[in-house]
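K.L.:
Listed below, chain by chain, are the residues.
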Amino acid sequence: MRAPISWLKEFVDIPFEDAELAEKLIAIGLKVEKIHRPGDQIKGVTVAEVMSVEPHPNADNLVLVELVQRNGATRVVCGAKNFEKGDKVALASPGAELPGMPRLEARKIRGEVSEGMLCSARELQIGDDRSGILVLPQNSVIGQDVRETLQLDETIFEFEVTANRPDAMSLIGVAYEVAAITSGAIRLPEFGSVSNGRTESTVEVELQDTERCPRYLALEISGVQVGPSPDWVQARLRAAGIRPVSNIVDATNYALVVTGQPLHAFDLAKVRGPKIVVRRASVGERITTIDGVDRALDPDDLVIADFDQAVAIAGVMGGLETEVSPETTNILLESAYFQPVSIFRSVKRHGLRSEASARFERGADIEMIPSAAGYAARLIAEWTVKEPRISNPVDEYPAPAPQRSVSMRVDRANAVLGTSLSVTEIQAALSRLGLEPAAKDGEVVVEVPSRRRDLSEEEDLIEELARVTGYDNIPYTLPPARARAGALTRDQILVRRIRQVLAGGGYHEAWTSILVGPSDIQRAFSNERWLTVAPEVANPMSNEESLLRPSLVPGLLRSLGYNVARRNTEIRLFEVGTCFETTEAYPHERLRVAIVAGGHWVQQWHGPKRAIDFYDLKGAIEGMLSALHLTARFDPKSVDPFHAGRSASIALNGKVIGYMGELDRATVERLDLPFAPVAAELDLTALLRIAGMPEPPEDPGRYPAVYLDIAVRVDEGVLAMDLISTAREAGGNLLEDVQLFDVYYGEQVGEGRKGIALALTVRSPERTLQEEEALGVLKQIEAALEKSHGAELRT
Amino acid sequence: MIVDEAIQKLNEYATEAAAAVLEADDERQVDLVRQKYLGRKSGVASINAGMRELSEEDRRKLGRVLNQIREQISSSLETREATLRESLSAAAAVAERIDVTLPGRMPQRGRIHPLTQVTDEIVDIFVGLGFKMAEGPIVESDWNNFEALNTPADHPARSMHDTFYLKTPGDGDPPLIRTHTSPMQVRIMESETPPVFYVFPGRVARRDETTVNNLASFAQIEGLAVAHGITFADLRGTLRVFAREMFGKDLLVRMNPSYFPFTEPSAEVYVSCFVCDRAGCPTCRGEGWIEIMGAGMVHPNVFRAVGYDASITGFAFGMGIERIAKLKFGVPAIRAFYENDIRFLEAF
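For the protein sequence lines, the chains are A and B, in the order given. Residue numbers for the first sequence, in my numbering: 7 to 801. Residue numbers for the second sequence, in my numbering: 4 to 351.
Next comes chain A alone, as it looks inside the complex (with noise of 0.2 Å):
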């Protein structure tokens, strides 16, 4: 909604600087988006006589002219010959600044010097007409700079206008509430009345659905000439964002433009009948808009239909057929009520926004109609050639809406605000805006005036008495305290540990969408069964956007991926975040974890360029859960994405949560990375359930411990975890811990083998240990090995 500001003065006094009544405005609830000068982008152009036209010497279509501006004589070089000897003409001189040209400089024109150029209307965006340049009205002065004669120093208010106040759509609107703040007066204008029109209407209205129609009006005017409406109505609509068509179909714009009610002229002789019926579209009927489109109709969609097809769609956009063309000598203005719902589900369902429309959806005026129809008609009289007739209306209101009254309890008003405004209070803050609140019994009531349909129960008048008592005005307190603390969860403090120690151990934590596509989950995957997995949203943007995540790990490789792309080397994140499974009805949605790392680690002065790799990997999730005081059982195990030979299943308490390792080199070519990455993810949900609580030894041990170490060889196959767990089980109580400390191959130990180094720690809780006590859980421990593996002693 734009509302120029010298129009909007025509209803309502102002006295405030434009800045100082946007503010006001906004703090009463209409937020002003923007401040529109188009005056602003217009510089050095001036009102000019033309002295003569002489042909260009070099170019037929050229001519020469000589002008007297401000300060005397001066000649430009013009493409335009629709002026003589002395019109008043717009000179842009040199230095001259026009939107959307660079600025104007004198140059040489076919071998003639040219000191600016004369303007057309569409130069001074103020007409589309760039066939000629624009003669000014006689009395223009010379000098005189031209925004001036024009009036293009105009002020616009653009609004941005809530879904609930269709009130203020229009600049009586506006009015209204200028006037609550400045506690001054309406001026409604003119309406002009259609009760006492000269002839009978010859047309027949019919409303099939007076639920979606309760009221539509009828008028005929006949004898118009179509044409141009004079420039100031055309500069006016402009600024209000609206495009001059003819002087029919302005004067119907400049009638919505003032009162919100929107208007629609047809051509009537192009009404068959002529009969108006409202109706449902019927099945596979169509109609081409205005805008040339041609439109299958939906049997739910609202039309205004002549005698056999439609000819508009009811509040939304009218039919090419009947529109008001230059021929057209008879029409038919319609001023009618739709109901919001039925202009809502039409908009959605063609995409067709308009005037109207956004007027319509948010529910119209429906005493307007009368006023706006005749309103309309006068202008149409008035900025027409010859004098046409007006019919008496038509004007179809079955069950007029009822008055309604609502109340607002003051005591509630002031609980809900926190305030302790009086009855007197209230009344004189609600009468500002027009309203006449009357008192009784603790109640204020209000007759609800048509044009604020919106005003239906005890807390829109509550917000009113808000809004004009100004928010701002209303105290700062806070909820009184009660026994109630506010903490976190065991869960959320957990899932923010995890965070912390993932990202204290290198991995930047990553935010990905939740919307994914099926290139994301196919790149990241050779399995299809993910593709099934994932939620399919109905009406997706795009297909890259047209899935439910199933799993972390495909945005967090496009991340991945987008840091290769920019040259970074080093690349370690990891997400924590919601993924969702297809269910029959609502999705499985399931907190997850994801690592994906790849690169080099940063080199540093005392160590070796390292990649990164499955074991860093592997350490972060340790070090993770060891901080859930968890520790998890990783086993061989072959998973899509992952190498065959370098991936693992992750699991607690005999359950698998997760899984691990490089990716495979078909994933790695089908994202073309330089290099194999690792990645895991864990259910988090299910990990949270399991974490467990800190276990403080009973007695952290007083008697020293002997340590000794195991080397032994083996085949390359045996698993580390079995040798380990075999040492536990061979070594009894006394056995503390044990610890791998080192892994070699090599010709020493033999193709096929490999060589590992076992640090044990013995210790007794109730003794100080013997050494041959020590040495014998040793050999029990080797014994172990060599059986149950085949580990062959180093010595």
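Treat the hints with care, as some may be off.
[Said to hold, decoys possible] Label pairs and their in silico Cβ distance ranges: (1) A/P700 x B/S92: 15 to 25 Å; (2) A/R359 x B/G289: 25 to 35 Å; (3) B/A93 x A/Q745: 37 to 47 Å; (4) A/G149 x B/G283: 30 to 40 Å; (5) B/S194 x A/M699: 20 to 30 Å.
[Said to hold, decoys possible] Sample of chain A residues at the chain B side, in silico, Cβ under 8 Å: (6) A169; (7) Y477; (8) P485; (9) L494.
Derived by calculation from the structure, the hints in this document are not laboratory data. Note that CB positions come from ideal geometry on N, CA and C, so glycine has one too.
Given chain A, put chain B in place with the hints provided.
P.N.:
Just chain B now, with coordinates in the frame of chain A:
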């Protein structure tokens, strides 16, 4: 005279010892000198042993000198030892010097994502004000996302929330991706009795054209306080405490009327620009004020929908996490938060 001879000898020892001490170059040599002149087999020791045969008077005379000489030698030994220790560490300071300006062995440190940091900060402020935190499902029902929030089908406010629906095999209202975190208001009130004081952070999605500052998938945080006696003034006070904790102690908070179907009165909440203090700058787009959230008093129809007594009062508010983070950290475009460029993440 035996005593005189002895004294002369002692003086000779003292002179010799003094020279020997100065020649001792390390601790071991100092020990040898000590043994030689003060040890069991030293001249001093043998004179000491011979004193038994002397008269009382001679013994006293010789004893005095002997003690004096002994102290003299041992003190020069100690001095020498101290000198040697000092020069030793002085030598070590040179010989064992390291370059202390080499970079430390710093463990690689990752960062918590800025959107998490902001979420946590907001949550913590409200936890301090007595709120709890809860999270709920992202896929929601039409009831929780719209209907119970006073937004029935065909309500014009639905067009502000273009919605993603999910394909389902069954009939009925299809599940949708929540367009705001407000459905958590419904869930909490349906499961708990007042007073309820909660914040709800979480992911949401809207079917909108994607730009660098407008993504289909984004995050919000919602707040809800419902109890007898809660007022619009309490909303104002609570949000002012929040805004000042979040953005700066001295800033101003302004509320303008707005519209949300599930609150009435509804408000847009602005803070005075913490970059320019209302002078006008790019952060506030020259307006001096920055919009940070929407808020309002819970509409009685919401209370009715969740089965609360409609005479109760409460307030609710909601804000976009990305927007708050963008403002707080001065990030030019919201898309950067989802690109996860390591160099961007490392800045936080």
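K.L.:
What hints, given by number in increasing order, does this structure fail?
P.N.:
1
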